[in-house]
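**Q** In order, the protein sequences belong to chains A and B. In case it helps, our numbering puts the first sequence at residues 1 to 89. In case it helps, our numbering puts the second sequence at residues 1 to 406.
By construction, these hints were calculated from the structure, which means they are not laboratory data. Positions of the beta carbon are idealized from the N, C-alpha and C atoms, including for glycine. There may be inaccurate statements among the hints.
As the list claims (entries may be wrong) - Listed next, the in silico DSS-like pairs over lysine-lysine satisfying Cα-Cα at most 30 angstroms (straight line):
| # | chain 1 | residue 1 | chain 2 | residue 2 |
| --- | --- | --- | --- | --- |
| 1 | B | K375 | A | K77 |
| 2 | A | K39 | B | K306 |
| 3 | B | K405 | A | K40 |
| 4 | A | K68 | B | K332 |
| 5 | A | K29 | B | K205 |
| 6 | B | K332 | B | K205 |
| 7 | B | K14 | A | K30 |
| 8 | B | K317 | B | K300 |
| 9 | B | K342 | A | K43 |
| 10 | B | K184 | B | K342 |
| 11 | A | K44 | B | K321 |
Stated by the list, open to error - One-sided excerpt, in silico: chain A residues whose CB lies under 10 angstroms from chain B:
| # | residue |
| --- | --- |
| 12 | G16 |
| 13 | A17 |
| 14 | S60 |
Unchecked claim - Over the 12 angstroms line for every Cβ pair with chain B, so calculated as not near, a few chain A residues:
| # | residue |
| --- | --- |
| 15 | S2 |
| 16 | C15 |
| 17 | D20 |
| 18 | K39 |
| 19 | T42 |
| 20 | T55 |
| 21 | Y64 |
| 22 | D82 |
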Amino acid sequence: MSTVADYVSRIEGTCGAESDVIVNFKYEKKDEAIANILKKATKKNMIAGIIYEMTYEGVSFRLYTSGKAIFRGFRTKTELMDFLVKLLL
Amino acid sequence: MQALRQDFPILQRKINGYPLIYFDNAATTQKPRQVIDAITDYYMNHNGNVHRGVHTLSAEATDLYERGRECAVEFINAKSTHELIFTRGTTEAINLVAYSWGMQNLNRGDEVLVTLMEHHSNIVPWELIARSKGATIKYARVNGDGTLDYEDYESKITKNTKICCLSHVSNVTGVINDVKRVGKAAHDNGALMLVDGAQSVPHMKIDVQDLDMDFLAFSGHKMLGPTGIGALFGKEDILEKMPPFQGGGEMIREVSVAGGNCSVSYNELPYKFEAGTPDISGSVGLRAAIKYLEAAGMDKVLSHEKELTEYAAKRMKELQKVTVYGPSDVSKKCGIIPFAVKSMSSHDTALFFDNYGIMLRSGYHCAQPLHELFKLTSSARASFYLYNTKEEIDRFAEILGELEKL
Numbered sequence: 001m002s003t004v005a006d007y008v009s010r011i012e013g014t015c016g017a018e019s020d021v022i023v024n025f026k027y028e029k030k031d032e033a034i035a036n037i038l039k040k041a042t043k044k045n046m047i048a049g050i051i052y053e054m055t056y057e058g059v060s061f062r063l064y065t066s067g068k069a070i071f072r073g074f075r076t077k078t079e080l081m082d083f084l085v086k087l088l089l
Numbered sequence: 001m002q003a004l005r006q007d008f009p010i011l012q013r014k015i016n017g018y019p020l021i022y023f024d025n026a027a028t029t030q031k032p033r034q035v036i037d038a039i040t041d042y043y044m045n046h047n048g049n050v051h052r053g054v055h056t057l058s059a060e061a062t063d064l065y066e067r068g069r070e071c072a073v074e075f076i077n078a079k080s081t082h083e084l085i086f087t088r089g090t091t092e093a094i095n096l097v098a099y100s101w102g103m104q105n106l107n108r109g110d111e112v113l114v115t116l117m118e119h120h121s122n123i124v125p126w127e128l129i130a131r132s133k134g135a136t137i138k139y140a141r142v143n144g145d146g147t148l149d150y151e152d153y154e155s156k157i158t159k160n161t162k163i164c165c166l167s168h169v170s171n172v173t174g175v176i177n178d179v180k181r182v183g184k185a186a187h188d189n190g191a192l193m194l195v196d197g198a199q200s201v202p203h204m205k206i207d208v209q210d211l212d213m214d215f216l217a218f219s220g221h222k223m224l225g226p227t228g229i230g231a232l233f234g235k236e237d238i239l240e241k242m243p244p245f246q247g248g249g250e251m252i253r254e255v256s257v258a259g260g261n262c263s264v265s266y267n268e269l270p271y272k273f274e275a276g277t278p279d280i281s282g283s284v285g286l287r288a289a290i291k292y293l294e295a296a297g298m299d300k301v302l303s304h305e306k307e308l309t310e311y312a313a314k315r316m317k318e319l320q321k322v323t324v325y326g327p328s329d330v331s332k333k334c335g336i337i338p339f340a341v342k343s344m345s346s347h348d349t350a351l352f353f354d355n356y357g358i359m360l361r362s363g364y365h366c367a368q369p370l371h372e373l374f375k376l377t378s379s380a381r382a383s384f385y386l387y388n389t390k391e392e393i394d395r396f397a398e399i400l401g402e403l404e405k406l
């Protein structure tokens with residue numbers, strides 16, 4: 001059974017007042033991760049063939065075809081991990 | 001400078017199918033083959049632990065380690081090797097001064113003067129030591145264009161000021177500060193001057209004697225050298241009076257516990273401040289990096305960066321939704337351009353560029369107070385070095401134009 005760790009190589013809090021969190025998908029699993037997310041979440045927009053603007057359960061985020069996603073507004077890492085479980089698995 | 005690019009193997013790389021354009025040089029720089037080869041040669045042929053070893057490899061390693069020091073001493077025109085202490089980098093060098101000199105010399109009522117443009121590494125060590133010693137930190141103002149408010153700086157130097165700390169070049173705006181002027185004001189009032197040279201030593205000729213610096217901190221990895229090596233320059237008479245920062249290894253002369261009491265005496269400069277096995281290969285790599293920069297010519301490095309900065313600023317001005325921060329007068333700055341794209345977070349901007357193989361930094365760049373002053377939540381930053389080209393800036397401007405259209 002897959003876990004979030006199968007898809008995610010690193011979660012990084014950025015510096016800056018925006019408190020963005022960048023999720024880096026594993027290179028070899030990024031296409032599968034992106035496909036899973038596109039299946040579950042709603043695509044609001046596709047920008048320049050590079051950025052998907054997505055929404056899932058009221059949370060908006062940006063998914064990059066290079067295998068990264070930016071999330072905002074999560075108060076704790078646990079909250080984000082719970083969200084990723086629903087989004088990815 | 002174009003010919004130098006072939007010395008940097010990583011510049012042949014493609015990222016996401018595009019040729020790598022590396023514009024994150026204020027964070028760290030790429031390494032030429034000469035540096036990589038020097039480190040490889042050290043580990044393949046000369047590796048041993050330095051000092052107090054009698055065998056051949058120890059002697060060779062010691063010679064190579066000390067040659068790195070001699071090279072760095074000449075590069076900044078220090079008077080002797082006693083004045084150059086190897087550290088892990090700029091941050092550790094500033095911490096060394098804050099803890100060693102600060103613990104001995106700062107007391108309740110004393111003042112440390114810094115500026116609002118400092119990297120956190122030139123703020124937090126002073127805040128920590130000031131809190132423990134009851135001293136006060138004063139912050140000199142920065143003008144709207146990111147230049148230092150010299151009148152405010154000088155007015156904040158009082159008879160209680162013990163040390164003035166200043167970045168030579170801002171890591172956010174690239175502004176070059178007049179450290180000679182500030183140093184004179186500090187010295188006229190009996191204070192010392194510490195210069196954060198992380199963004200200046202790699203980019204321009206530095207003469208610590210001409211600039212009359214008391215302390216200068218810099219990092220090897222920002223000047224083509226490896227990570228893990230940096231240096232603190234300090235005037236010998238000041239360093240002599242300072243207590244050790246860390247204990248053990250080469251900083252010891254003698255330890256005796258005879259009679260149940262421990263007595264310790266310390267080694268001479270610069271070893272008094274170099275506890276434990278040092279970064280030997282780092283010194284080897286730093287020497288190769290310095291030799292490379294000297295061969296390129298530091299005046300040429302600076303003029304090339306200024307030319308790129310002027311060109312990039314001109315191209316960025318053509319765009320409607322892009323705001324560039326810092327002074328518009330290139331003579332006041334080095335090759336660093338902070339900017340923001342309307343309605344895009346800096347991280348989105350950097351990720352967008354990453355898709356096209358262009359490496360930028362985003363966030364606070366470890367300088368939150370300056371971002372607060374600019375009323376910015378964060379910024380994107382392009383920073384150039386000797387291997388960057390106008391063609392790369394054209395590509396950067398092209399992608400920035402695409403981003404603006406979104």
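**Q** Say whether it holds or is violated: A:T55 keeps its Cβ farther than 12 angstroms from all Cβ of chain B.
**A** For A:T55, whose nearest Cβ neighbour in chain B is about 16 angstroms away, the distance exceeds 12 angstroms, so it holds.
**Q** If we take the beta carbon of A:C15, is the closest beta carbon in chain B still more than 12 angstroms away?
**A** 4 angstroms, violated
**Q** Is the hinted pair A:K44 and B:K321 satisfied, with a Cα-Cα distance of at most 30 angstroms?
**A** 23 angstroms, holds
**Q** Would you check the hint for B:K317 and B:K300, treating anything up to 30 angstroms between C-alpha atoms as holding?
**A** The given pair, whose Cα atoms are some 26 angstroms apart, holds under the 30 angstroms limit.
**Q** Holds or violated: A:K39 with B:K306, Cα cutoff 30 angstroms?
**A** Roughly 49 angstroms between the alpha carbons, so the hint for A:K39 and B:K306 is violated.
**Q** Decide if the proposed pair is consistent with the structure: B:K184 and B:K342, CA atoms, cutoff 30 angstroms inclusive.
**A** The hint is violated at about 42 angstroms.
**Q** For the pair supplied as a hint, B:K342 and A:K43, is the alpha-carbon distance within the 30 angstroms limit?
**A** Distance ~23 angstroms between B:K342 and A:K43 Cα, so the pair holds.
**Q** Is the nearest Cβ of chain B still more than 12 angstroms from the Cβ of A:Y64?
**A** Label violated. Min Cβ-Cβ 5 angstroms, cutoff 12 angstroms.
**Q** Please check whether A:S60 passes as an interface residue: C-beta within 10 angstroms of a C-beta belonging to chain B.
**A** 12 angstroms, violated
**Q** Would you say A:K39 is clear of chain B, with no C-beta pair closer than or equal to 12 angstroms?
**A** 22 angstroms, holds
**Q** Straight-line Cα separation of B:K405 and A:K40 no greater than 30 angstroms?
**A** Status holds; Cα separation ~29 angstroms.
**Q** Is the hinted pair B:K14 and A:K30 satisfied, with a Cα-Cα distance of at most 30 angstroms?
**A** 18 angstroms, holds
Hint compliance for this structure: hints 2, 4, 5, 10, 14, 16, 17 and 21 are not met, and every other hint is.
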